[in-house]
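Novice: Taking the hints into account, I'd like the entire structure generated from these sequences.
2 protein chains.
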Amino acid sequence: MIIIGEKINGAIPSTAKAIAEKDADFIRNLAKIQTEAGADYIDVCASVEDSIELDTMKWLIDLVQEVTDTPIAVDSPNVHTCVEAMKYCNKPGLFNSVSLEGDKVDIAFAEIANTKWECVALLNSDKGIPKTAKDRLDVFIDLMAKVKEYHIDPSRIHIDPLIEMLCTSEEGISMVTEVIRGIKEQYPTIHVTGAVSNISFNLPARKIVNQAFAVLAMNAGMDSFILDPLNQDLMGMLFATEALLGEDDYCMEYIGAYREGIFGQKK
Amino acid sequence: MIIIGEKINGAIPSTAKAIAEKDADFIRNLAKIQTEAGADYIDVCASVEDSIELDTMKWLIDLVQEVTDTPIAVDSPNVHTCVEAMKYCNKPGLFNSVSLEGDKVDIAFAEIANTKWECVALLNSDKGIPKTAKDRLDVFIDLMAKVKEYHIDPSRIHIDPLIEMLCTSEEGISMVTEVIRGIKEQYPTIHVTGAVSNISFNLPARKIVNQAFAVLAMNAGMDSFILDPLNQDLMGMLFATEALLGEDDYCMEYIGAYREGIFGQKK
Chain A
1 MIIIGEKING AIPSTAKAIA EKDADFIRNL AKIQTEAGAD YIDVCASVED SIELDTMKWL
61 IDLVQEVTDT PIAVDSPNVH TCVEAMKYCN KPGLFNSVSL EGDKVDIAFA EIANTKWECV
121 ALLNSDKGIP KTAKDRLDVF IDLMAKVKEY HIDPSRIHID PLIEMLCTSE EGISMVTEVI
181 RGIKEQYPTI HVTGAVSNIS FNLPARKIVN QAFAVLAMNA GMDSFILDPL NQDLMGMLFA
241 TEALLGEDDY CMEYIGAYRE GIFGQKK
Chain B
1 MIIIGEKING AIPSTAKAIA EKDADFIRNL AKIQTEAGAD YIDVCASVED SIELDTMKWL
61 IDLVQEVTDT PIAVDSPNVH TCVEAMKYCN KPGLFNSVSL EGDKVDIAFA EIANTKWECV
121 ALLNSDKGIP KTAKDRLDVF IDLMAKVKEY HIDPSRIHID PLIEMLCTSE EGISMVTEVI
181 RGIKEQYPTI HVTGAVSNIS FNLPARKIVN QAFAVLAMNA GMDSFILDPL NQDLMGMLFA
241 TEALLGEDDY CMEYIGAYRE GIFGQKK
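Same order as they appear, the protein sequences are chains A and B.
Going by the working numbering, the residue at position 50 of the first sequence is 50; the numbering climbs one at a time, nothing skipped.
Going by the working numbering, the residue at position 218 of the second sequence is 218; the numbering climbs one at a time, nothing skipped.
Among these hints, one or two may not hold up.
Which copy is meant is left open, because identical chains are indistinguishable; a pair holds if it fits in one copy or across any two.
Said to hold, decoys possible - Calculated lysine-lysine pairs in the DSBU-like style (CA-CA distance at most 35 Å, straight line): (1) K116 to K17; (2) K148 to K207; (3) K32 to K17; (4) K131 to K22; (5) K17 to K58.
Keep in mind the hints are simulated off the structure, nothing from the lab.
Predicted model, so just to flag it, every value in this text is computed and none were measured.
Specialist: Here it is in structure tokens:
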């Protein structure tokens, strides 16, 4: 189970404010508390104007590295920003993200091929977001051809099957679980990742939907999660699900995470 | 989704105290609040000495029927108590429970055969609780022979596959989900039920394990739940899971239950 802490993202209003005001302590604290909460990667996404994106990324990455050794996920829709931001990182992290749009995947894979960097890859292409499981798995096949071409081990790839909002669906999440299962069947060592909270857009009591979705997605094979690791109920749900799925003998990891205060401690 | 409200049970200390003190208001309130929280059945289990069990059941059932029309689940390990308690009920309810131990199933099925009563049936026999999925499904086959013999429609049966504590398991819940799937494959209209909280005995943060289990059990086919309907997080998880599994178009039931205050309202 891989936790990608999502809180240092300019799309989140409080983080955007800290970025605008150059509030270094706020950013350092987000890196620290996410590490303590069990994050395996600290995602860093500036979400600012292009002209200042790279400077902002450098400022954020430097701050994170002042307080934690947890590797960084360099996160931008602009593949060139990710490539440049890699250079500010003290150790290999997570390239977030590529897709089959344009030449993104070639630019990214050429950079990470002979490194220990891992990479998030989204299942969209120049044709947009595929509507059916079959079409998404076709994009996956094309993507894996690129992974092979650059001699990247599948275990370094985190496939994001693209989680869409539940409220407009008539079939629940059957399409995305079919995609997840299809990916893991073909490449058992690959990771499947996603932003859990996308599922609950426009619904009330979103946390409940997010939690139930995380359980079902993990059951289908998702093993990498982009989320707020301070959300104790969600973190607890992931540890409980690992135990329920038989991946945690005698619940030792579940009990250990509870004792470390990762969940079940706050009201 | 069928909710069997479990709170009127002498095994729960506060309920035991109310029974001992003949606190009628306490019992009536439990019936009322469970109905408001969405219970489809109000379970009534005395858990007292044999000599006063039937009188206690009558007292409890009368109190429940003073305040709600929700059908009653007559609950006792003694099949004769259940048979007698049926007579106190104003309308058909749920016989909880039978198993293949001794002549239980014949006594119970003879009583309910030509009625609208439904029945919980546990997958144990005179040989005890089967250890493997295959052995449990063998008990299920024997049980369904009895269901057929008494001309009871499978849709009136709630099979309890027997949920055991996770903490002593090395394989998680794979055995019980295999049993649930096997039951539903053979009889799509049958119900699968269980006491959700059994799963988390001896673990910390039990509510989290219960919630994750409920999601996975529903995913496998469980559609009847013996639980505390006042547990808003657990109720919310069931509604969210129905939506995620594609059984709730556009999340209308989820949103409706939220608006009715069944979940997401209390902190």
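Novice: Take the hints in turn and mark each one as holding or not.
Specialist: Do the hints match the structure? See the list:
In this homomeric assembly, K116 and K17 come within 35 Å of each other (Cα to Cα) only inside a single copy, at 33 Å, whereas the closest approach across copies is 63 Å. For the homomeric pair K148 and K207, neither the shortest alpha-carbon distance inside one copy (38 Å) nor that between copies (44 Å) is at most 35 Å. For the homomeric pair K32 and K17, the shortest alpha-carbon distance inside one copy (18 Å) is at most 35 Å, but the shortest distance between copies (48 Å) is not. Taking CA atoms no more than 35 Å apart as the test, K131 paired with K22 passes in neither setting, with 41 Å inside one copy and 61 Å between copies.
For the identical chains of this complex, K17 and K58 are intra-copy neighbours only, at 17 Å inside a copy versus 64 Å across copies, given an alpha-carbon limit of 35 Å.
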